[in-house]
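Novice: Here is what each chain is made of, one letter per residue.
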Amino acid sequence: MKLIIAYIQPVALKAVKTALFEKEIYKMSVMTDVLGCGQQKGYHENYRGAAKEVNLLSKLRIEIAVNEDHLQDTLDAITGAARSGKIGDGKIFVLDLGQCIRIRTGETGEDAIG
Amino acid sequence: MKLIIAYIQPVALKAVKTALFEKEIYKMSVMTDVLGCGQQKGYHENYRGAAKEVNLLSKLRIEIAVNEDHLQDTLDAITGAARSGKIGDGKIFVLDLGQCIRIRTGETGEDAIG
Amino acid sequence: MKLIIAYIQPVALKAVKTALFEKEIYKMSVMTDVLGCGQQKGYHENYRGAAKEVNLLSKLRIEIAVNEDHLQDTLDAITGAARSGKIGDGKIFVLDLGQCIRIRTGETGEDAIG
Amino acid sequence: MNKKNKYATAFLALLAFTPMYCLAGEGPSQELYWLNNIWMMVATFLVFIMHLGFAMLETGLTRSKNTVNILFKNTGIIAIGLLTYAFVGFGLMYPGDFNGIFGYCASALPLNEMFATDAGIGYADGCYSLWTDFLFQGMFAATAATIVSGAVAGRIKLGSFFIFTVLYVGFLYPWLGSWKWGGGWLDGIGFYDFAGSTLVHSVGGWGALAGALLLGPRIGKYVDGKVNAIPGHSMPLVTIGVFLLWLGWFGFNGGSALSADADYTSFVLVTTCLAAASGIVGSIVVSTLVQKKPDLTMALNGCLAGLVGITAGADMLTPMQAIIVGLVTGAIAVVAVIGIDKAKIDDPVGAITVHLVCGIIGTLAVALSPDVTFKAQIIGVLSYGVVSFAFALILFSIIKATIGIRVSAEEETVGLDVTEHAMSSYTSVS
Amino acid sequence: MNKKNKYATAFLALLAFTPMYCLAGEGPSQELYWLNNIWMMVATFLVFIMHLGFAMLETGLTRSKNTVNILFKNTGIIAIGLLTYAFVGFGLMYPGDFNGIFGYCASALPLNEMFATDAGIGYADGCYSLWTDFLFQGMFAATAATIVSGAVAGRIKLGSFFIFTVLYVGFLYPWLGSWKWGGGWLDGIGFYDFAGSTLVHSVGGWGALAGALLLGPRIGKYVDGKVNAIPGHSMPLVTIGVFLLWLGWFGFNGGSALSADADYTSFVLVTTCLAAASGIVGSIVVSTLVQKKPDLTMALNGCLAGLVGITAGADMLTPMQAIIVGLVTGAIAVVAVIGIDKAKIDDPVGAITVHLVCGIIGTLAVALSPDVTFKAQIIGVLSYGVVSFAFALILFSIIKATIGIRVSAEEETVGLDVTEHAMSSYTSVS
Amino acid sequence: MNKKNKYATAFLALLAFTPMYCLAGEGPSQELYWLNNIWMMVATFLVFIMHLGFAMLETGLTRSKNTVNILFKNTGIIAIGLLTYAFVGFGLMYPGDFNGIFGYCASALPLNEMFATDAGIGYADGCYSLWTDFLFQGMFAATAATIVSGAVAGRIKLGSFFIFTVLYVGFLYPWLGSWKWGGGWLDGIGFYDFAGSTLVHSVGGWGALAGALLLGPRIGKYVDGKVNAIPGHSMPLVTIGVFLLWLGWFGFNGGSALSADADYTSFVLVTTCLAAASGIVGSIVVSTLVQKKPDLTMALNGCLAGLVGITAGADMLTPMQAIIVGLVTGAIAVVAVIGIDKAKIDDPVGAITVHLVCGIIGTLAVALSPDVTFKAQIIGVLSYGVVSFAFALILFSIIKATIGIRVSAEEETVGLDVTEHAMSSYTSVS
Ligand SMILES: Nc1ncnc2c1ncn2[C@@H]1O[C@H](COP(=O)(O)OP(=O)(O)O)[C@@H](O)[C@H]1O
Ligand SMILES: Nc1ncnc2c1ncn2[C@@H]1O[C@H](COP(=O)(O)OP(=O)(O)O)[C@@H](O)[C@H]1O
Ligand SMILES: Nc1ncnc2c1ncn2[C@@H]1O[C@H](COP(=O)(O)OP(=O)(O)O)[C@@H](O)[C@H]1O
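Residue numbers (numbering that gives the first Met the number 0), protein chains in the order written: chain L, 0 to 113; chain Y, 0 to 113; chain E, 0 to 113; chain D, 0 to 429; chain S, 0 to 429; chain B, 0 to 429.
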């Protein structure tokens, strides 16, 4: 099992969700209050004359736990839908997932993921 | 060491915290701006006549780093307290945790976790 | 590749960012709506006469993916800048990172991280 | 002249302070008529803005998942209040000569005429026009239901609440109002309620109590016998609400003078403001003592407590007495909020405390004036209390037994915004 | 007396209701002059606060990333409105005796004098002072541009919008205003628009339509032929906005009586409020039927729809007719918002619906009165429509062709707060 | 007639514009008395709502972790202001015949009487009632402390601030006020301050400066010699605040005419509004030049700068001069905010800039009028400055030396809401 963490542009959420649904990935979690700092330059804020470098830009963070056999599909769906070709499109990280439990039923492992 | 990630219903937080405290797990982090998409169907919003499918529902994400010997207790506490038996109760993911550092003291490893 | 998760005090963000930039770590993600529960005692809120124990305090969660050779620098930068010596300074967790993909270019692995 | 200003007049005559022009035999001048009317129109605007105040107070003191629902209720209430008052309420409240208990004047507001025949300077001795009278009184009417709204927030079904509102505003409030301001039996026995500590606030407060009792507390409010704080989601909105309510009270009390009489009206404003200010002080002191730290919501509730408290006797008490009324109601408000919570009656905004408890105290406090008897005040408080509480209890019970009154536990947990309106109050990702 | 109150007077004389003092041969008393003026000043304050209402409505109905930009626009508009009106607009709108189509009185507001020679009680037969006249009318002026602001929110360049505003408020609005309120040709043929359903709201609405058409929809609003909801970010702000607008309408309509005549003015307030209340009811009913669940933003839009609808005939329709106007405009507002969306015209706040659609309906509805002809109303609606739509379209087109009108897709995606102002509206970490 | 309107009267007589009725030998009519009083009551309401404006401005420009604290302070200030004014301030400010420097009239507000013997039409030549006088002046009083509140936000101890407030509002403000408006020595030498650029705003501004200096900057504001932006948490609240303040200024300046004189009062409103509008323009232009992008908070501060600037001479300057005063103060406000920050004086809301800097400019600008000397204005500015700055500095120093003035670094970091009130301003999870 793998845990996928994807940072994407907020505007890309809709497209990513659609792409995932098409691949029949229906389960995910999204964190909305995320700021990202990367190659994207950021901008300058200027509040009451005091310059303020804002290099933390709004991003979304998606977390998806998948079984091995869905991994590539999921990655493809995200990259495909989130890519605009411009700096700031985001990153995907993949971690090994040791265990997964469905709270409602107590199921564990691969059965619990979907 | 393990890193536990649990998605739960917001209403369950109080019960989960109490259950964890009873098992003497006092350390945790909670992310509040989390939206979850799963078996729970979601609902339709209807803003000014434009239907809007809202399949991202409010969730909480709890992150707890524990030593191996506390793992089961922690999982039990969470599942016990967060389970309502209804769809949407949430998931728990467990990852291997390579290292842990307490910023204040510089302690590392199992000593730093608690 | 490693995934570093650091919980720090909100006030420390500026210093941590500066310290990371000095070590030429420019990429990171920050989650702002995070509540932490730890040795820091918390406080009592008293809303309309009903006492409310607030042991969840505002924290920031930083996530940084780095290549092995940057790991120590990054950890040092964070601990150095976030340490005030007072309870509540926070924790750092390090996980093994299996894969990393830059959405914009499709690059993977160590090339994609920076 | 079966209107409130009968009292203003009588009172002034009593004190031989300045003869009202309308006692002088000859009628008022056009100038007096117009300027009186300006004052009453301004007062009407101020009472109107109280509805925004109530909406913000209630929104701020509850959770964000019920915000759309609360705003919707408050928008609906003012519409319902004005329309039922136009069609029914005005005629019920001011039936003209009647048996003192129940009467109805079908032609109170001539809906199909441009200018009614009995309108003009002669309408109320030149104190205000027919239209101003209707609008000022109509703005008052919706208030009673708004008060209830706060106490039942977060768990009542939207439709059920609106049915209650139509009957409470459209029938009960004006009917009971006729007993005093319509010149009915309570007016006859010397009961005094200047601007409505009892007629408006207690009547609303009894409805609030009935609703809170029948609905039961919000899920999670009382767990294992302990009171659980469910904090409101926005203190700036609460503050906006209370300041707008205070602003509105200038019209609520100032307009209840029912003419622009310079000394009389402005005197009322002074007692009103001093009671509000000392209400804040009273609640800050007690809140700091009882809760250890000063609670903003208590300070703001204390302000409203002082305002409700002075409403019955704003023209009968001295400035110093007004300050005392403010201090006492402000102090008691803190204790009452905590006590009502201890009694496991869940009132998210403190409506029962502010409007019922302080409304009663304020009505009784008028007896500090030598011109009003304690007995008459008690009779007034009790008769309004019995009838409005019974009416609200029965009405809510019928609704409960038929279409139901409370949303399901799941709907309550998710929040009424989504379940009742399919909307969110705050949207960050889009 | 080339002012609006010519009509108020004529109308009252027509009904032989009460002779206005200024018809009586002898001039008005100082008391009447002063009290009329108080009323008009109060009305001015109320119209002023509408600008805060518009700012909140627009802010609440759009995304948080454009909030600073919207607040900035609305702050700028009122400044631009007052200053252009002082230098140009007032003289354009009230040119005195003129050819009925275009005129200009350079000395309308004496900017370099403390007290103008023609000021004083004789200025408008004692109905208000020169200064009050200017300020009341000036507050109206900025409204037209504010209406446009809502429809073009989230994608228009700040500088381009301000250029449009200067010309629309500084030139078009007062020029067209002179046709009717300045005593021009439309006034001559009997066109009736009491407080501006057409002169203010439709003129603004046509500008809104032109702007929305030329700009095109916000990114992501219409995808694959489907309408995509882009929810506003704060329903409490929307509610604050609408209640403040209603409050302001007491002055907008009440002040348009142009004197404090007790019966006339307060009658106008009654029709205004009843239309607002029934506008809410009309839209709640239709919204619940069409959208399944009652939509708060529709209920609030319905309130504004009723208010805009009654603005043209507030002194010409009976209370019952006012209720009908409110019900109809409130109901149509829901349908129009959805229909305009279906036509892929992106209007984030419903400005075109509320101000243009309901402004036209309201203007035509005045013909329900026996004193006004349907033909005159149609001519008025059409001539204002043709000229202001053409003007806005051409002006926006020139701006588009020269300095550009729409921000880049990237700027729009990031949000105008950061790209146009280098600021954020809400800051949590700092 | 030891009241402000002495000046209004004198001024009008001076210009031989229109004789005030009260100069005519025979007393004013009841109508004039009542309508004057209506105007003054309306002005009182408007000044009252400024307190909500200040609360929102301050809340919006600071961080959310201090919001409860700020709202609490502002709620407390108005209560303290009214009560100290009732018990002490009114008598200190208007002592009747006195030595011109310090006097006290114990019976200014008869707290234990229903209607005072000297009340009625004779009180101020029929310009307003005793009660209105007290309430209008009382609303002004609290303003001085509110100004200070903004500058010390985020780091001052609650109790210490309230002690300061009691003495600043209860003693210093009215005492200094007596020098001019009470008919004291500055009045004698021809110093002119129509509505309080100096008496209210500068006095508040000096207190703000003293507080900001003694407290030092917020943690993290100036790091390594660089100015660090600490953005306010809600721009909509800032905008609500400024629009409400502008609204309130209609009463602040309009009411300072101290009668409803139609031309005089409305003229004052015109200069007031034109200065506000040009203040916005001035600060937008300079902000765009200096900061590259137009800053919303600067535009809004510019509005207030224009309003403060015109306050001293609203009845003495021509409309064109008012526009110039607005442009200049609006422009300078931007520079001053940045300059004060460069000087490492941390003023989160710009209170020192708006109220002190622009208050002084505005007071001096009155000398543009031929009736006022520059010398008298300088003397006024300096004497108010020296005494109020010294008083504030000493008072704050004593508080600092005894119970302490600043919260601990830890409390400041966590935020005053939690440490001083045990509450949060916004609650999302519950
Ligand atoms: N090494 C990293 N660790 C954590 N987050 C990262 C890392 N690299 C990128 N991100 C996240 O991805 C976002 C996009 O990255 P950026 O470098 O701006 O664009 P691109 O991926 O196109 O080069 C960042 O804002 C940040 O949130
Ligand atoms: N595979 C997954 N990856 C990430 N998050 C998940 C996954 N499955 C479930 N979740 C999270 O858990 C929440 C509850 O899951 P859901 O399927 O609705 O209920 P249940 O666990 O009862 O089947 C989801 O809303 C989502 O936040
Ligand atoms: N075992 C843990 N799991 C998850 N989060 C933790 C854990 N321990 C600490 N944290 C996070 O770190 C923060 C600081 O920890 P705390 O114990 O208060 O201080 P210190 O690290 O100085 O002992 C906590 O508020 C919490 O967010």
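These aren't lab readings, by the way, just hints derived from the structure by calculation. Every residue, glycine too, gets a C-beta built ideally from N, C-alpha and C. Warning: the hint list may mix true and false statements.
[Unchecked claim] Quick list of in silico lysine-lysine cross-link-like pairs, BS3-like style, CA-CA up to 25 Å:
#1 E:K22 / Y:K26
#2 B:K399 / D:K291
#3 E:K51 / D:K399
#4 E:K13 / L:K1
#5 D:K220 / D:K291
#6 E:K1 / E:K13
#7 E:K85 / L:K1
#8 B:K399 / D:K292
#9 B:K225 / B:K343
#10 B:K291 / S:K399
#11 B:K225 / E:K13
#12 Y:K13 / Y:K1
#13 E:K13 / B:K343
#14 Y:K85 / L:K26
#15 Y:K51 / S:K399
#16 D:K220 / D:K343
#17 B:K291 / B:K225
#18 S:K292 / S:K220
#19 L:K22 / Y:K51
#20 D:K220 / Y:K13
#21 Y:K22 / E:K26
#22 B:K343 / B:K220
#23 S:K225 / Y:K51
#24 Y:K22 / D:K343
#25 S:K343 / S:K291
#26 S:K399 / L:K13
#27 Y:K51 / L:K13
#28 S:K343 / L:K22
[Claimed, not checked] The following label-pair restraints were derived from C-beta to C-beta distances:
#29 L:D75 / Y:E52: 20 to 26 Å
#30 D:A342 / Y:T107: 52 to 58 Å
#31 B:G158 / S:K225: 37 to 43 Å
#32 E:D68 / B:R405: 44 to 50 Å
#33 L:D72 / Y:Y25: 51 to 57 Å
#34 L:D68 / D:A342: 45 to 51 Å
#35 S:K341 / L:K22: 27 to 33 Å
#36 Y:E52 / B:K343: 39 to 45 Å
#37 L:D75 / B:L288: 48 to 54 Å
#38 Y:G105 / E:D68: 44 to 50 Å
#39 L:K22 / Y:E109: 37 to 43 Å
#40 L:E106 / Y:E52: 25 to 31 Å
Novice: Evaluate each hint against the coordinates.
Specialist: Checked hints:
1. E:K22 / Y:K26: violated (30 Å)
2. B:K399 / D:K291: The hint holds at about 23 Å.
3. E:K51 / D:K399: violated (33 Å)
4. E:K13 / L:K1: Answer violated: K13 (chain E) to K1 (chain L) is near 33 Å, above 25 Å.
5. D:K220 / D:K291: Answer holds: K220 (chain D) to K291 (chain D) is near 22 Å, not above 25 Å.
6. E:K1 / E:K13: holds (23 Å)
7. E:K85 / L:K1: violated (37 Å)
8. B:K399 / D:K292: holds (21 Å)
9. B:K225 / B:K343: holds (9 Å)
10. B:K291 / S:K399: holds (23 Å)
11. B:K225 / E:K13: holds (14 Å)
12. Y:K13 / Y:K1: Holds: K13 (chain Y) and K1 (chain Y) sit about 23 Å apart, inside 25 Å.
13. E:K13 / B:K343: holds (20 Å)
14. Y:K85 / L:K26: holds (16 Å)
15. Y:K51 / S:K399: violated (33 Å)
16. D:K220 / D:K343: This hinted pair holds, its Cα atoms lying about 9 Å apart.
17. B:K291 / B:K225: Holds, at roughly 19 Å.
18. S:K292 / S:K220: holds (22 Å)
19. L:K22 / Y:K51: Holds: K22 (chain L) and K51 (chain Y) sit about 21 Å apart, inside 25 Å.
20. D:K220 / Y:K13: Judged against 25 Å, a Cα distance of about 12 Å means the pair holds.
21. Y:K22 / E:K26: Given that 25 Å is the threshold and the Cα spacing comes to 38 Å, the pair is violated.
22. B:K343 / B:K220: holds (9 Å)
23. S:K225 / Y:K51: Holds, at roughly 11 Å.
24. Y:K22 / D:K343: violated (31 Å)
25. S:K343 / S:K291: The hint holds at about 22 Å.
26. S:K399 / L:K13: violated (31 Å)
27. Y:K51 / L:K13: holds (12 Å)
28. S:K343 / L:K22: violated (31 Å)
29. L:D75 / Y:E52: 20 to 26 Å: holds (23 Å)
30. D:A342 / Y:T107: 52 to 58 Å: Cβ of A342 (chain D) to Cβ of T107 (chain Y): about 53 Å, so the range 52 to 58 Å holds.
31. B:G158 / S:K225: 37 to 43 Å: Since G158 (chain B) and K225 (chain S) have Cβ atoms about 59 Å apart, the given range 37 to 43 Å is violated.
32. E:D68 / B:R405: 44 to 50 Å: Hint holds: Cβ distance 46 Å, inside 44 to 50 Å.
33. L:D72 / Y:Y25: 51 to 57 Å: violated (40 Å)
34. L:D68 / D:A342: 45 to 51 Å: Cβ of D68 (chain L) to Cβ of A342 (chain D): about 59 Å, so the range 45 to 51 Å is violated.
35. S:K341 / L:K22: 27 to 33 Å: holds (32 Å)
36. Y:E52 / B:K343: 39 to 45 Å: violated (53 Å)
37. L:D75 / B:L288: 48 to 54 Å: Since D75 (chain L) and L288 (chain B) have Cβ atoms about 51 Å apart, the given range 48 to 54 Å holds.
38. Y:G105 / E:D68: 44 to 50 Å: At roughly 21 Å between Cβ atoms, D68 (chain E) and G105 (chain Y) fall outside 44 to 50 Å, so the hint is violated.
39. L:K22 / Y:E109: 37 to 43 Å: holds (40 Å)
40. L:E106 / Y:E52: 25 to 31 Å: holds (27 Å)
Checked against the numbered hints listed earlier, the structure breaks hints 1, 3, 4, 7, 15, 21, 24, 26, 28, 31, 33, 34, 36 and 38; every other hint is satisfied.
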